[in-house]
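Asks: For the protein sequence lines, the chains are A and B, in the order given. As numbered in the working numbering, residues 1 to 121 make up the first sequence, in order. As numbered in the working numbering, residues 122 to 242 make up the second sequence, in order.
One should not assume that every hint holds.
Looking from chain B toward chain A, a few residues come up when the C-beta cut is under 7 Å (computed) [claimed, not checked]:
id: 1; residue: 162
id: 2; residue: 171
id: 3; residue: 204
id: 4; residue: 239
Calculated from the structure, these hints are not laboratory results. The model shown is predicted, which means the values in this text are computed figures rather than measured ones. Where a beta carbon is used, it is the ideal one built from N, C-alpha and C, also for glycine.
2 protein chains.
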Amino acid sequence: MNASDHDKSCCEVVADHENLAKELLGGMPPEEDLYDLADFFKVFGDSTRVKILYLLLCSEMCVGHIADTLGMTQSAISHQLRFLKQMKLVSTQREGKTIFYSLADAHIESILSQGYEHIKE
Amino acid sequence: MNASDHDKSCCEVVADHENLAKELLGGMPPEEDLYDLADFFKVFGDSTRVKILYLLLCSEMCVGHIADTLGMTQSAISHQLRFLKQMKLVSTQREGKTIFYSLADAHIESILSQGYEHIKE
DNA sequence: CAAACATATGAGCATCTGCTCATATGTTCA
DNA sequence: TGAACATATGAGCAGATGCTCATATGTTTG
Numbered sequence: 001m002n003a004s005d006h007d008k009s010c011c012e013v014v015a016d017h018e019n020l021a022k023e024l025l026g027g028m029p030p031e032e033d034l035y036d037l038a039d040f041f042k043v044f045g046d047s048t049r050v051k052i053l054y055l056l057l058c059s060e061m062c063v064g065h066i067a068d069t070l071g072m073t074q075s076a077i078s079h080q081l082r083f084l085k086q087m088k089l090v091s092t093q094r095e096g097k098t099i100f101y102s103l104a105d106a107h108i109e110s111i112l113s114q115g116y117e118h119i120k121e
Numbered sequence: 122m123n124a125s126d127h128d129k130s131c132c133e134v135v136a137d138h139e140n141l142a143k144e145l146l147g148g149m150p151p152e153e154d155l156y157d158l159a160d161f162f163k164v165f166g167d168s169t170r171v172k173i174l175y176l177l178l179c180s181e182m183c184v185g186h187i188a189d190t191l192g193m194t195q196s197a198i199s200h201q202l203r204f205l206k207q208m209k210l211v212s213t214q215r216e217g218k219t220i221f222y223s224l225a226d227a228h229i230e231s232i233l234s235q236g237y238e239h240i241k242e
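Take these sequences, add in the hints, and give me the full structure.
Replies: Now the structure itself:
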C-alpha cells in the first residue's frame, strides 16, 4: 500500500480530504524549516555532543580539556565542536595557542532540561 | 594525540586537574541519563518524525491519514510511529480497524518551539 | 468463514554518522 | 627560525538509520 491508497473512510467523515491535508500542512512551518529543525535537534541526538554541551554549561573550555574530561581523543572532540559551531550552538575565542569554546545560544539549557524532564518521568 | 596527552597548562592554572574533571563530570547527569537524553533528542532529529509530531500537535490522527498527508508510505510512517511510541512521545487508541495516534508528552510543543526559535535567529 | 481494510513488522539496502589515524595549520617562545 | 604545543581536517571504516518491499496480524462486515 502506498501513500495514495488510504481509504479515508477510516477517520471522521471529512468533506474534502485533500483540502484537509493541505490545511494541516499549511498550519505547520514550511518544508525547509522542518529540515533545519530536524538538523538542529540532531545536534542533541548524540551523547558525546550532549556531554560537551553540559560541560560548557558550567564554563567555557578548551578542546584538550574537554577531551580529557570526557576521556576522548582530541580529534573526536574537535570534529564534534566543528559541528556544534556550524549549528551555531557554540562560539570560540582564541587566547594564544588555545581556543576556548562556550555556549552561543540561550535556548540550550532549557532545551536540555526539558528533555531531561521527559526521560525522568 | 590521545585523551591523556593534553598539557593542562593551556587553561587557567588549576591545582588538581584530575579532580576538576571529576568535579565537572559530577555536576552533570549520570552517564546513563546522558545516553537516554541523546536518544530522546534523536527522535526530533529526523524531518519525517518532526512532521508527524507537528501534525499530531493539531489533532490525533490515524496512520493512513498521516501517511497521506505527508505523501509517504504507510509502512514508513508505521515504522516511525513505532519508534515514537517506544520513546513515549505518542500514545495510541484503537477504534475498530483504525488506530489513532496522539501526542503523549506535554514537553513536545515547547521543545519544538524553542528549537524553532533557534533556527529563526 | 472469507474478503476487505488498517496497521505492524522483518529483511534488505543505500546513505549517514562518529570515530580513528595520519597529517596539516596556527601560535608561542627559546 | 625551529621545536613544542593546541587545534583542525581529510580519508577511511564499522555501525546506525530510514526507507522499500513483501508479508503478517488484527478488525469489521457480508
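Asks: Against this structure, judge whether each hint is valid.
Replies: Hint check results:
1. 162: Holds, because the Cβ-Cβ distance from residue 162 of chain B to chain A comes to roughly 4 Å (cut-off 7 Å).
2. 171: 5 Å, holds
3. 204: With Cβ-Cβ at 13 Å, over 7 Å, it is violated.
4. 239: 5 Å, holds
Comparing the model with each numbered hint stated earlier shows that hint 3 is the single one that does not hold.
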